[in-house]
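Please take these sequences and the hints and turn them into a complete structure.
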Amino acid sequence: MTEETQRGASARPVFKEDEHLPFWKRWMDTDIWHSYKKSPVIIIASIAFMLLILSAIFAPLISPYTPFDPGSLNLMNGFTEPMSKNDFTGDYFFLGTDDQGRDVFSTILFGLRISLFVGLAAVLFAMTLGVILGLISGYLGGWVDGVIMRVADIQMTFPSIMVAMLLYGVGKGLTPPDLRDEMALVVLIISIGLSEWVQFARTVRGATLVEREKEYVQAGHLIGLSKWAIMLRHILPNVTGPILVIATISLALAIIAEATLSFLGVGAPKTEPSLGTLINVGRQFILSGEWWILLFPSLTLLALALSVNLFGDWLRDVLNPKLR
Amino acid sequence: MLAFVIRRVGEALLVLFIVALVSFAMFKFMGDPIQSMVGQEATLVDQEELRERLGLNDPFPVQYVAYLGRVLSGEFGISYRVGLPVEEIILDRLPATLELALLSGLIAISLGIFLGIYTAIRRDGFVAHFIMTTSLIGVSLPTFLIGVFLIWIFAVELNVLPSYGRGETLDVFGVPLSIFTLDGLKSMILPAVTLGLYQMTLIMRLVRSEMLEVLRTDFIRFARARGLSNKAINFRHALKNTLVPVITVTGLQLGSIIAFAIITETVFQWPGVGLLFINAVNVVDIPIMSTYLLLVAVIFVTINLIVDLLYFSIDPRLKVGGGSKGH
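Protein sequences appear in the order of chains A and B. Each residue of the first sequence is one higher than the last, beginning at 1 in the numbering used here. Each residue of the second sequence is one higher than the last, beginning at 1 in the numbering used here.
The hints are simulated quantities; they were obtained by calculation from the structure and are not laboratory data. Remember, predicted model here, so these are calculated numbers, not experimental data. Do not rely on the hints blindly, as some may be mistaken.
Calculated lysine-lysine pairs in the DSBU-like style (CA-CA distance at most 35 Å, straight line) [stated by the list, open to error]:
id, chain 1, residue 1, chain 2, residue 2
1, A, K227, A, K214
2, A, K25, A, K38
3, B, K240, A, K270
4, A, K37, A, K25
5, A, K270, B, K186
6, B, K240, B, K186
See below:
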């Protein structure tokens, strides 16, 4: 972190004449962009991820059918094979249909939406919690630091996906029975988020420990800024670099955790199925030969997890000055 | 040394204390048990009397201590769903999980070490490259997808292995085990491979990188100069020196196997404690959930404690700086 900031500070005069250039032109000259151009795998991964994000956002516009509107479903369409017309109704289905006659392509689009929403929300929650705790821990030090870091250490010894599963169980137990279905996604987000905060907190704490000793923090202290103002307005902007990397890697973990929980039948409810729920539905038909109900959601999840993973790994390497 | 041991044990107890608090809180906030216990005719006075008699009016800490006392004497409550004592249900299910974890641990360790050595020795070979690339994909695949696809290939398409259940079991001292019958062993293959795959890749990568490091050291070069055969160098000298970190990491991974057993058992409908937990979450059977929580915490804390202490006795560097595990 220090290396990076110092490098940035000393490099600034060199780039000064370029500063009237538009943002994207300066962006084109960064190490990140040069490294990006050179790795075809990352280009493919990022394009795949963008496509997945866009199709999740525009799911209602893209999807040819409305899979969760019971009124539009026709049971006669059940088990239509991919790329073919149904024998009875003549409707065409790109990726086939499930037992209820739902279009698999449309359910995947909506499932992708839930998966991405839960994943992003969980990472956002984990990030907010981890960054705040990390800042407090690093800046205040003392017993507060001790307590937060002990908890983090202990949580690190458990696999995060198991922490998420156990927390989900606890969360479900603590929700009032009549609210359980509506709260399912919220409990899911909170439990996955709570299982991922440790990495954020540790990294931010480490960076904060370095920043705390710098002159600008002491200056802020001298002119009488409050602790919170120093932490949030002055230290936070200087420790954001590594947060991005951890957020990307956490997103992949969160998506897989969500899919796993939903697959086990304890996550997203059947009325709002995520990719994991769809895979769970699909595996029930694998014994009778309707393979497309399982295969296509699985491939989508795989593409999602793999592209985020690859992108995160690349980002970590490219932002790490030690590896250059 | 003693201070370190005391600190670690103290920490372990603290963790268990907190986990017990969480599982107790689940009972506490689950609504009023009195309502489901009393009949229609019970007056408010009767209800209040029962509440007093069961100690439900006591302050929270007092109830918590009473709960800890019951847990320590082996009483975990009655399952809401099955109506049997939880400790009986869990003890009934535990052997299935343990034998599955054991077999997959064995697969992970033996295959992992073997493939690790192979990929280190044949570093630039085609097969080694292939194994390394496949393992990378294997790590990013979610466990449940691996399980589902193994079922698809081996149980549905090839129809050679069963897709669910324990198969035929053999009673050993009154405990039914699948591992000793052919049918049971066949049912164990797919779940055990699914469960062990991730750990296997981890061990393989670790052994490989350790081997590569050791093979570069001077004593291996001297061994070559002495004219020892490749076999003797690789297995007698190099492998031996890679095993310390491998043992530690493997020890820590044992806990993960138990954790991931939840997923594998659900995919293969393997009747162990993991499947029990998932079913309990589905129907919100609090006594089973909270007991499972405690069980997992005890297993993890014990494993971590043992590995930490082992680490401490193996690595003399840790004895200097007060014994903290240096990050």
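Report the numbers of all earlier hints that the structure fails to satisfy, in ascending order. 3
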